[in-house]
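Participant: First to last, the sequence lines map onto chains A, B and C. Going letter by letter, the first sequence gives residues 2 to 102 in our numbering. Going letter by letter, the second sequence gives residues 340 to 525 in our numbering. Going letter by letter, the third sequence gives residues 104 to 734 in our numbering.
It is worth saying that the hints were derived from the structure and are not from the lab. Treat each hint with caution, since some may be false.
[Unchecked claim] Incomplete in silico selection of chain A near chain C, CB under 7 Å: (1) Leu23; (2) Val94; (3) Arg98.
Note that the structure is predicted; figures quoted are calculated from it, not measured. We put the beta carbon where it would ideally sit given N, CA and C, even for glycine.
Each chain, written out:
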Amino acid sequence: MTLLHFQLLAAALFSLGLYGVLARRNAVLVLMGVELMLNAVNVNLVAFAAYRDIPIATGQVIAIFIITLAAAEVGLALAVVLRLFRSRGTADVDAIRGMRG
Amino acid sequence: MELVLFTIAAVLSVGGAVGVVTVNNVVHAAVYLLVAMLGVAAVFVLLYAEFLALVQLLIYGGAVTMVILFALMLTRRSAHEEQAEHVRWPIAAGVSGGVFALLATVSLLDVERLNSAERTGISLETLGRTLFEEWAIPFEVASLVLLIAVVGAIVIGRAGRIEDMASPEGAPPRHVRPGTGRGGSR
Amino acid sequence: MENAWLIPLFPLGAFVALALFRRFLPGQGKWLAVAAVIAAFLAAWPVLFDLVGRGVGPYHFPREWFSAGPLFMGWGTLVDPLTVAMLLLVTFVSVLVQVYSLGYMRHEVKGRRGSHVADDPRIGWYYAAHSLFTASMLTLVLADNLILLYVAWELVGLCSYLLIGFWYERPSAVGAAKKAFITTRIGDVGLLIGIALLVAHTGTFDISANLEMVEHGELSSGITTLVALLLFAGAVGKSAQFPLFVWLPDAMEGPTPVSALIHAATMVTAGVFLVARLLPLYEASEAARLTVASVGLLSGLMGASMALAATDLKRILAFSTMSHLGFMFLALGAGGYTAATFHLLTHGVSKAMLFLAAGSVMHALHDETDIRRMGGLARRMPVTGTAFVLGALALSGVPPLAAFWSKDEILVAVANGLNPVFLVGFLIAIVLSALYMARAVRVALFGEHRADAAHAHESGWVMKGPLALLAVCTVLVGLVALPLGFDGVGSFLFDAAHGPHSFKADPVWMPVGIVLALAGLGLGWWLYDRAPGRVEALRSRFGALARLLENRYYLDPAYQWLVDRVVLAAGRVIAAFDRRWVNDVGMDGPGVATLAVGTRLRMHVSGFFADYGLAVAAGAVALALLLWLGA
């Protein structure tokens, strides 16, 4: 079991999350995709930190920060979704085209 | 033995992730997300990052999934299940497949260099010291970010228009009627 | 003496009180202002007695305002005989002018029920500005460092602007105020640069420390000369010397007591004071010294000659001031510190009296200032007439009146200290001074009555009192030059480098001065009394010269041309560059470009969430590839 395993796992998670973000229409499902991507990054960070000759804690520290910010992001994003749903009656990101040029 | 454990963890997380992005029922998707998070927590344990695994369980397994489920309940409509998801799946699959190929290629090309080290754990004490000494200021900033996010979530999520909250006499919340947004205005 | 800094606080306090609360004070607070300035005058005397008791000093009382590293900013005081003399002169003249103004600033006001005599509607502001003027000048003479001096200097300029433009309903007053302010600013720029340059080389703002360094030769001679000349530029502007005197005749638009204050005590004397205070700087540089002397002589001659051609009573006096200030600079250039400062005092007293007398005349004649429309006033207004005649005689240099003694001192200083060219020029200037004074007195005060002069009447006692007091001073002040009881003013007012200077009657120059002054007076009287035809004849023969003088050496049109053709043309070029390139291209350009690009780009923005995600992913991949391949 080498670093390569973890890297490939992280790559798979990241790609699946990206697919979710791109393909999904429900805003909550898009958000879940983002969470998957963030987790993939965390796996990568922790793996690289662990496979160093001299282990350092920085990888884990940054992972902690990412989790923290992810929590904040989820709260805020869900509030936005809630708000959108109330004003538009839908959580479909394709239906929201206020930013069309 | 470890490889077996790793396989289980990998299958859990990747399987959960596949579930998240494929099923049509949003509640099912949330449950799959929980599974994927548990898988990632297991991966953390395999990387000797026990503390991180614990945090992962608590925050993702507990808080985030709960919040998402609540949001789903509040925005639930029958239309959700019937929505035709995956309208752009060919493009999305192409892009994400490409990204995976790229990442995998990079990993495989550098495999010689990266394979050399053996993984080692980091004691909780070292982690704590690093977090609170070297990263003390980012840590404090993160707390500020959380606070702002909480306040922002409350402000955005409240009923009524945001401008009304500023009026001193506390104007009654006026619900924004659907369709008043100026979507697609040119 | 340590508490001399309190003196400016009286008028300053009056200014603050009047500026803020004049609406609530009886008479708009004019009594308060007068009381404050009288208090300042009384407070100046203990300083004098203290100084006499302790010896001439100078005494330095530094006080810290703030300091930052090696930089020390203070508001301390420097007390020496010059300071004390100026304190007394400024407060004395201010007191008399303010008392005089009580009468002068009452006009006939046409109300609904006929006309009656009342205070000027802005009398409170008048007294407020007056108080600030006095306070600024007192601060200027007390300042121990160049920054405080500069602040006071600019405050003086500001006050002159406020008071010259006091009757701002008149466009000419507004123009004159602006002209005075801007013209003196031109000199002030030199002053500021000079201060900066000096401090950059000595590292301290303190005046005595700076002078000590100059005396010990710690500055290169080039820098010394440059600093001296730059500082002198400020003095030239403030003291209305050539070539920056153009504001002075126009400044007569202000109320006449203001002219008295400006000309005798507060404004124009600042330049002389500055050069006198920094005299070691000028002694250290031959070029600067000669420049001061040359500018002084040139201004003395030009002022006197223009006074000869002017027909406006106040302008005659203004040119006379310019001429006499020129004499002071000439004396300073000759190293005659005592002569210059003594002349500053005697001229201040006499000129204040002359202006107040002129104001009295104007008051009686409803603001008539043209001397050709006066005449025969001496009989109608005996006090005013006597005062004017006394002042004229004094400034002409007739013994034993005040300015005679100081003028004699200047003559001796010039004869001993400078090239004979300067001496010849000064002797001509003495004759001219006497000549124009004789002309003014003869045409304005004697002879037959003319148009409006018939119903002229003497003013009230608030105006006559100061005149009488100044007349007494004009007679007596000069006597302090003589060793009567003490060693004369020279043992008191002297600079350290030259030591005490006792007055001596020079066997050659004193008679020469007296003879020349009397000759000028006699010639003037003869020309304008007995032979008016000759004046016209001379006029037509030297038409070009007369026009040159009447047009004030064409400096105003020259400056106008300079401003129109050079400054404004350059300004237009710069403005065009600014508009076309800086504004249109530099500022608006990026905005317009962004707008245009945005207008084009927004056609491609779909508003689809997934499109944004795709774009972000594509960008991230591109960036990663770039980094990977680049590394």
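Participant: Have a go at the arginine 98 of chain A hint: is there a Cβ in chain C nearer than 7 Å to its own Cβ?
Facilitator: holds, 3 Å
Participant: Holds or violated: is the Cβ of leucine 23 of chain A closer than 7 Å to a Cβ in chain C?
Facilitator: holds, 5 Å
Participant: Given valine 94 of chain A as an interface hint, is the shortest Cβ-Cβ distance to chain C below 7 Å?
Facilitator: holds, 4 Å
Of the numbered hints given earlier, the model fails none.
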